[in-house]
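In the order they appear, the protein sequences are chains X and A.
Counting from 1, one number per residue, gives the positions in the first sequence under my numbering.
Counting from 1, one number per residue, gives the positions in the second sequence under my numbering.
Honestly, I wouldn't trust all of these hints.
As the list claims (entries may be wrong) - Using 25 Å as the maximum straight-line C-alpha spacing, the simulated DSS-like pairs for lysine-lysine come out as follows: (1) Lys-112/A <-> Lys-78/A; (2) Lys-82/X <-> Lys-42/A; (3) Lys-51/X <-> Lys-132/X; (4) Lys-64/X <-> Lys-149/X; (5) Lys-334/A <-> Lys-42/A; (6) Lys-230/X <-> Lys-93/X; (7) Lys-237/A <-> Lys-301/X; (8) Lys-314/A <-> Lys-334/A; (9) Lys-32/A <-> Lys-149/X; (10) Lys-219/X <-> Lys-132/X; (11) Lys-264/X <-> Lys-93/X; (12) Lys-42/A <-> Lys-80/X; (13) Lys-149/X <-> Lys-42/A; (14) Lys-332/X <-> Lys-9/X; (15) Lys-145/A <-> Lys-334/A; (16) Lys-27/A <-> Lys-264/X; (17) Lys-220/X <-> Lys-237/A; (18) Lys-149/X <-> Lys-111/X; (19) Lys-51/X <-> Lys-28/A; (20) Lys-64/X <-> Lys-314/A; (21) Lys-264/X <-> Lys-28/A; (22) Lys-219/X <-> Lys-237/A; (23) Lys-149/X <-> Lys-51/X; (24) Lys-264/X <-> Lys-32/A.
Hints listed in this document are in silico derivations from the structure and should not be mistaken for laboratory results.
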Amino acid sequence: MELVILTLKGYLLFTIGIIVIFSVRHYIFTLNRIFGEQRISYQDIIDSDLKTISVLIPMHNEEKVASNILELLVHADYDKDKIEIIPINDFSKDKTREIIDTYAAQYPYIKPLHRYTGERGKPAALNEAIKKAFGEVIIVFDADYLPPKGILKNIAVCFNDPEVGAVMGRVIPINTRRNILTRLLDLERTGGYQVDQQARYNLRLMPQYGGTVGGFRRKKIDDLGGFNTKVLAEDTELTYRLSINGLKVLYANRAECYEEVPEKWHVRAQQIRRWSRGHNTVMFRYFFPLLLSPYLSLREKLDGMLLLLVYCVPIILLMGLFDSLALFFLGKMELFSSVFFLIFIGAYNNFGNFAPFYQVGTACLLDGAAQRILLLPFLFFNFFFNMWYITEGFLDACIDTITWRKTKWQKTERFRTVHK
Amino acid sequence: MILVLACILLVLLFALPFVPGTHEILKKRDAKPLYIDIDYRKDPRYFALSFRTLFLDSLGAPSEVEEFRVITLSKEEKAQLIRKGRFVCGTVVENILYVMQDLDSEADVTFKKEVYVRGGARIGEDNQLQALACDGDIHLRRGVKFFRWLDAEGSITAEGPCVLGVEATCGGVLFLARQCLFMRLYGFPVTTAADPFLLEQSEEPDRDTGVFEEDPPERDRSTIHALSRINRSIISKESLTIGEYSVIRGHVKTHGDLVIGAHVIITGNIFAEGSIQIGPRSHALGTVFSQDHILLKQGARVGARNRIKSVIGKKGITIEDSVRVYGYVMTEGKGFVV
Numbered sequence: 001m002e003l004v005i006l007t008l009k010g011y012l013l014f015t016i017g018i019i020v021i022f023s024v025r026h027y028i029f030t031l032n033r034i035f036g037e038q039r040i041s042y043q044d045i046i047d048s049d050l051k052t053i054s055v056l057i058p059m060h061n062e063e064k065v066a067s068n069i070l071e072l073l074v075h076a077d078y079d080k081d082k083i084e085i086i087p088i089n090d091f092s093k094d095k096t097r098e099i100i101d102t103y104a105a106q107y108p109y110i111k112p113l114h115r116y117t118g119e120r121g122k123p124a125a126l127n128e129a130i131k132k133a134f135g136e137v138i139i140v141f142d143a144d145y146l147p148p149k150g151i152l153k154n155i156a157v158c159f160n161d162p163e164v165g166a167v168m169g170r171v172i173p174i175n176t177r178r179n180i181l182t183r184l185l186d187l188e189r190t191g192g193y194q195v196d197q198q199a200r201y202n203l204r205l206m207p208q209y210g211g212t213v214g215g216f217r218r219k220k221i222d223d224l225g226g227f228n229t230k231v232l233a234e235d236t237e238l239t240y241r242l243s244i245n246g247l248k249v250l251y252a253n254r255a256e257c258y259e260e261v262p263e264k265w266h267v268r269a270q271q272i273r274r275w276s277r278g279h280n281t282v283m284f285r286y287f288f289p290l291l292l293s294p295y296l297s298l299r300e301k302l303d304g305m306l307l308l309l310v311y312c313v314p315i316i317l318l319m320g321l322f323d324s325l326a327l328f329f330l331g332k333m334e335l336f337s338s339v340f341f342l343i344f345i346g347a348y349n350n351f352g353n354f355a356p357f358y359q360v361g362t363a364c365l366l367d368g369a370a371q372r373i374l375l376l377p378f379l380f381f382n383f384f385f386n387m388w389y390i391t392e393g394f395l396d397a398c399i400d401t402i403t404w405r406k407t408k409w410q411k412t413e414r415f416r417t418v419h420k
Numbered sequence: 001m002i003l004v005l006a007c008i009l010l011v012l013l014f015a016l017p018f019v020p021g022t023h024e025i026l027k028k029r030d031a032k033p034l035y036i037d038i039d040y041r042k043d044p045r046y047f048a049l050s051f052r053t054l055f056l057d058s059l060g061a062p063s064e065v066e067e068f069r070v071i072t073l074s075k076e077e078k079a080q081l082i083r084k085g086r087f088v089c090g091t092v093v094e095n096i097l098y099v100m101q102d103l104d105s106e107a108d109v110t111f112k113k114e115v116y117v118r119g120g121a122r123i124g125e126d127n128q129l130q131a132l133a134c135d136g137d138i139h140l141r142r143g144v145k146f147f148r149w150l151d152a153e154g155s156i157t158a159e160g161p162c163v164l165g166v167e168a169t170c171g172g173v174l175f176l177a178r179q180c181l182f183m184r185l186y187g188f189p190v191t192t193a194a195d196p197f198l199l200e201q202s203e204e205p206d207r208d209t210g211v212f213e214e215d216p217p218e219r220d221r222s223t224i225h226a227l228s229r230i231n232r233s234i235i236s237k238e239s240l241t242i243g244e245y246s247v248i249r250g251h252v253k254t255h256g257d258l259v260i261g262a263h264v265i266i267t268g269n270i271f272a273e274g275s276i277q278i279g280p281r282s283h284a285l286g287t288v289f290s291q292d293h294i295l296l297k298q299g300a301r302v303g304a305r306n307r308i309k310s311v312i313g314k315k316g317i318t319i320e321d322s323v324r325v326y327g328y329v330m331t332e333g334k335g336f337v338v
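Given the sequences, and given the hints that come with them, work out the whole structure.
Pasting the structure below:
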């Protein structure tokens, strides 16, 4: 029994330690954005030698959004003899095919790929498209994105740096007005990009490639054998594969693009569970290779490790909650005299509330959108919602890794009105 | 009773932080998505071209009559339309100025608003201007100070120490005399050489212009000896020195400082976390980018006649004599010609 109590208390201390580490990380990023030196990005480079690019847009039943993105891309500011656009129709059953073919008939640089055989899912679709792509740089957009005219140059110019393997732009939700969920997701995105990613770029850590509004070197992905179709988070996996092989992921804060965030809670639940499942699968595969890479500095390894563990923290916290309850019912967690309880509540509150508050609040101020800071307390509920579904995703990832279970791709539901 | 009051108080305290947020959810004062200009395209001459378009759209039908008109830029303003701009010493021009032919100002003239010249512009000593758009050539005498921008469809010649505001851009040669201060420049080329085309004619064409990108880069060199020939990119974790008369047919990236000796040719791009020094008569055919300072020593070249490149140094750029940059020069710190 003593051993059980000791284990429970030990785990509680471990939880507190994890919370403190991640809180410090949040604060460092926030303070860097406010007071630290801001590195300039590559978007100001003007270069007449543009790289050839292939723009890939995976689409599965995207009739609601397909024409929007294609219409914007045909008006993009990029030499038309150096660009090709490959909409990838991945087993669609709606009007996606017809919409793509209509555009392909008008624009010779739109080269559709229609897939109705082979493995389903985004990684497999990208692999097949890359085989036929001519670009030195591959740029990927999800089908619901609305790329501005200058974004292709903004992304492509970053590859002038020979060390850059992938580039990630900034994602901005467009459907923020819909409901409380879209507004909270907007806050999350704002904090995640304007503070978290940018601070990681400033501090020369490891920004993350997010799989959309970004690009990567075609040759390098060929050398690495393409995307792993067994991993749901192919973007996170690419981040680590490039990093441990000596290339960097660059975050381009001014390469901004609108996206559509989920408007229903159950859709959001599926999305975050999928992200957690994919991310944790990558964590199991790359934790040790990351530590052993000769190309990464100590702080890159540390940041990379913390990034890998991000989707583990909620389950650690959840188990910490159960741990503290167990201690309470065993009579070892006195409510008012236990220093452990106070430390736990303080640390828990810190991670769950204050640390992201600082990031999100700072990001809103930097964006000049101060009123939305008033919504920060609602992130408290979002935290518990995320914690539950991230934990489910973590368990999914454990089962996938242990049993080599085949992953089934799920796309996020779209909410835009159908365009004829 | 006390317990009930305590519970009510607890609920109120718990609910209090949510009150302003609830009000925001209902009123939606800040619910719009963050603004992205979907039509934005990178253009170094953006301010000037945008000003010309707005001005001419607001002016309407072309006029040969000298008069005052009200035009709308960001707000309604008074514009003075004149045929030829001749301003004597000490004049202060209060309104936006539109000159249908040439502009010629004597010393100590102050232009408090934007100036748009359809011909050429000769700006006298110690003039002060907000902004100048010129459809011909701009010639600046010593001591001219711009607070915002200047742009010429032709060339810009700063014959003495001048302050070139936030942006100086042109469609032709942009010549800078010693002690000119700048932040952003754009020209073909941007030069401190009195006759850049004469220099070009006297140079041998660069034979080694290819960039070897396919092979894995060389890593972790700190020194490249003089007269080296390297056919791949170089990536270094620390500082790097490249000896004179070397040829690198690839890109160069360092996480420290980069010192390039004299007569070096680098066919690719150059990136450094630290400072970059490009030695006398060295030639970088690609873009030069530093998170620190850049020093272009005498006779250094960046880009080529048919290759627009950029020199971007976050903390500052210093340019010596006879330097040519074909394209864009930018710093967030101080740009200076020595």
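Now for the hints, and whether the structure bears them out:
A distance of roughly 12 Å separates the Cα atoms of Lys-112/A and Lys-78/A; the hinted pair therefore holds under the 25 Å criterion. Restraint check: the Cα-Cα separation between Lys-82/X and Lys-42/A comes to about 18 Å, which is no more than 25 Å; the hinted pair holds. For the proposed pair Lys-51/X and Lys-132/X, the alpha carbon gap of about 17 Å is at most 25 Å, so the pair holds. The straight-line distance between the Cα atoms of Lys-64/X and Lys-149/X is roughly 21 Å, inside the 25 Å bound, and the hint therefore holds.
A hinted pair counts as satisfied when its Cα atoms are at most 25 Å apart, and Lys-334/A with Lys-42/A qualifies at roughly 23 Å. For the suggested pair Lys-230/X and Lys-93/X, the alpha carbons sit about 24 Å apart, so the restraint of at most 25 Å is met. Restraint check for Lys-237/A and Lys-301/X: satisfied, since their Cα atoms lie roughly 15 Å apart, inside the 25 Å limit. A threshold of 25 Å between alpha carbons decides the hint, and for Lys-314/A with Lys-334/A the separation of about 9 Å falls inside it, so the pair holds.
Of the supplied pair hints, the one linking Lys-32/A and Lys-149/X holds, its CA atoms being roughly 21 Å apart against a limit of 25 Å. Note on Lys-219/X and Lys-132/X: the hinted pairing holds, with a Cα-Cα distance of about 13 Å set against a maximum of 25 Å. At roughly 23 Å between alpha-carbon atoms, Lys-264/X and Lys-93/X fall within 25 Å of each other, so this suggested pair holds. Our distance criterion of 25 Å between C-alpha atoms is met by Lys-42/A and Lys-80/X, whose separation comes to about 17 Å.
Simply put, Lys-149/X and Lys-42/A have alpha-carbon atoms about 9 Å apart, close enough for the 25 Å limit, and the pair holds. Distance hint between Lys-332/X and Lys-9/X is fulfilled; the C-alpha atoms sit about 9 Å from each other, no more than 25 Å. The hinted pair formed by Lys-145/A and Lys-334/A meets the criterion: a straight-line CA distance of about 15 Å does not exceed 25 Å. Straight-line distance between C-alpha atoms of Lys-27/A and Lys-264/X comes to about 21 Å, which keeps the hinted pair within the 25 Å bound.
Distance hint between Lys-220/X and Lys-237/A is fulfilled; the C-alpha atoms sit about 20 Å from each other, no more than 25 Å. The straight-line distance between the Cα atoms of Lys-149/X and Lys-111/X is roughly 20 Å, inside the 25 Å bound, and the hint therefore holds. For the hint linking Lys-51/X to Lys-28/A, the alpha-carbon distance of about 43 Å lies beyond 25 Å, and the restraint is violated. For a cut-off of 25 Å, the pair hint linking Lys-64/X to Lys-314/A is broken: about 43 Å separates their Cα positions.
Taking the CA atoms of Lys-264/X and Lys-28/A, the gap is near 19 Å; set against the 25 Å cutoff, the hint holds. Taking the CA atoms of Lys-219/X and Lys-237/A, the gap is about 23 Å. The hint holds against a cut of 25 Å. Of the supplied pair hints, the one linking Lys-149/X and Lys-51/X holds, its CA atoms being roughly 17 Å apart against a limit of 25 Å. As the CA atoms of Lys-264/X and Lys-32/A are separated by approximately 19 Å, the hinted pair is consistent with the 25 Å bound.
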